[in-house]
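First to last, the sequence lines map onto chains L and U.
Numbering of the first sequence is given in the numbering used here, commencing with residue 1 and proceeding in unit increments.
Numbering of the second sequence is given in the numbering used here, commencing with residue 1 and proceeding in unit increments.
Do not take every clue at face value.
[Claimed, not checked] Examples of chain L residues lying across from chain U (beta carbon under 7 Å, computed): (1) A18; (2) I47; (3) I85; (4) N87.
Keep in mind the hints are simulated off the structure, nothing from the lab.
None of these values were measured; they are calculated from a predicted model.
A virtual CB, placed ideally from N, CA and C, is assigned to each residue, including glycine.
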Amino acid sequence: MVNEALGSGWMYSYSVAALIFIGVYCLIARRNMVRLLIGLEIISKAICLLIISGAYPHKIAMAQALVITVIVIEVCVTATGLALIINAYRQSGSIDIREFSNLRG
Amino acid sequence: MDILLLSGVMLFAGLAVFLKDLLKAVICLMVSSIFLGIIFFKLSAPYAGVFEISVVAGLIMVLFILTISLTGPEDTVVEPASMGIFAFLFVIFSCVALFKILNSGVIHQCLPLSSEPHGFGEVLWLSRTFDMVGQISVIFAGVFVLLAIVKAGRKNGK
Numbered sequence: 001m002v003n004e005a006l007g008s009g010w011m012y013s014y015s016v017a018a019l020i021f022i023g024v025y026c027l028i029a030r031r032n033m034v035r036l037l038i039g040l041e042i043i044s045k046a047i048c049l050l051i052i053s054g055a056y057p058h059k060i061a062m063a064q065a066l067v068i069t070v071i072v073i074e075v076c077v078t079a080t081g082l083a084l085i086i087n088a089y090r091q092s093g094s095i096d097i098r099e100f101s102n103l104r105g
Numbered sequence: 001m002d003i004l005l006l007s008g009v010m011l012f013a014g015l016a017v018f019l020k021d022l023l024k025a026v027i028c029l030m031v032s033s034i035f036l037g038i039i040f041f042k043l044s045a046p047y048a049g050v051f052e053i054s055v056v057a058g059l060i061m062v063l064f065i066l067t068i069s070l071t072g073p074e075d076t077v078v079e080p081a082s083m084g085i086f087a088f089l090f091v092i093f094s095c096v097a098l099f100k101i102l103n104s105g106v107i108h109q110c111l112p113l114s115s116e117p118h119g120f121g122e123v124l125w126l127s128r129t130f131d132m133v134g135q136i137s138v139i140f141a142g143v144f145v146l147l148a149i150v151k152a153g154r155k156n157g158k
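Let the hints inform the model, and build the full structure from the sequences given.
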C-alpha cells in the first residue's frame with residue numbers, strides 16, 4: 001500500500017497511477033502547447049497526492065513542507081511556460097508544438 | 001467519501017485533457033485542484049490544502065485563462081489519431097508497473113524521518129530551511145525569466 005495507515009490506501013495508489021497516466025498521455029499525444037502544460041499540472045497533482053498520502057499520519061508536517069515547495073516550483077514553471085507560449089503565438093500565430101520543430105539543435 | 005473525492009480528481013483531470021474547448025478544460029483542471037485540496041484537508045494537511053486551492057486553483061488558473069484569452073479559446077491544433085493510440089498503449093503498460101511499485105510501500109519508506117510531534121512551522125523553518133532559500137530563488141528566477149520574455153516580445157515590436 002502507499003500507506004498502511006490509510007484504510008483505503010490502494011485507492012490512493014490507484015489514483016496516483018491514473019493521474020500520472022492521464023498527464024503522460026496528454027504530454028505524448030497532444031500537440032497544443034497549453035494542453036502540454038495542463039498535462040504537466042496533472043502530473044504535479046499526482047506527485048503532491050503521493051507525498052501527502054505516503055506520509056499520512058506520522059510524517060505529515062514534513063510532507064506539507066515538501067508539497068509547498070513543489071507548488072511554488074510548479075507556479076514558476078507554469079508562469080514561464082505560459083509566457084513562452086504567448087511569445088511563440090505572437091511570433092508564429094500558432095500554438096502547435098510541431099510549428100517549432102525547426103528549433104531543434 | 002474518499003472514493004468520491006478521488007474519483008472527482010481523476011474525472012475532472014481526464015476532462016481537462018479530452019475537452020475540445022480550452023477554457024472548459026482549464027475550468028475542469030481548477031475543479032480537480034479543489035477536490036485535491038479537500039483531500040489534503042481530510043488527510044490532516046491543511047497548509048498543503050490551502051496552498052493547493054489558493055495557488056494552484058486560483059493563481060495558476062488565472063494565468064491559464066489570461067493565456068487562452070490572448071491566444072484564442074478554440075483548440076485549432078489537429079491531433080494525430082494514430083499517435084494517440086500508441087501513446088495510450090505505452091502509458092497504460094507503464095502505469096500497471098507504476099501501480100505495482102506504489103503498492104509495495106516503497107514511497108512511505110523513502111520519506112525522511114522526522115521525530116514528530118514537530119509542528120509544521122518547526123519543520124518548515126528549522127528542518128527545511130534550505131527549501132525556503134530554494135523557493136525564494138525559484139520565485140526570483142521565475143520573475144526574471146518573465147521580465148526577459150516580455151522585454152524580448154516588446155523589442156520585436158509585436
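For each hint, the structure was consulted:
The restraint placing L:A18 at the interface with chain U holds, with a minimum CB-CB distance near 5 Å, inside the 7 Å limit. With a least beta-carbon distance of about 10 Å to chain U, the hint placing L:I47 at the interface is violated under the 7 Å criterion. The beta carbon of L:I85 is positioned within 7 Å of a beta carbon in chain U (closest approach about 6 Å), and the interface hint is therefore held. With its C-beta approaching chain U no nearer than about 5 Å, L:N87 sits inside the 7 Å limit, and its interface hint holds.
The structure shown violates just one earlier hint, number 2.
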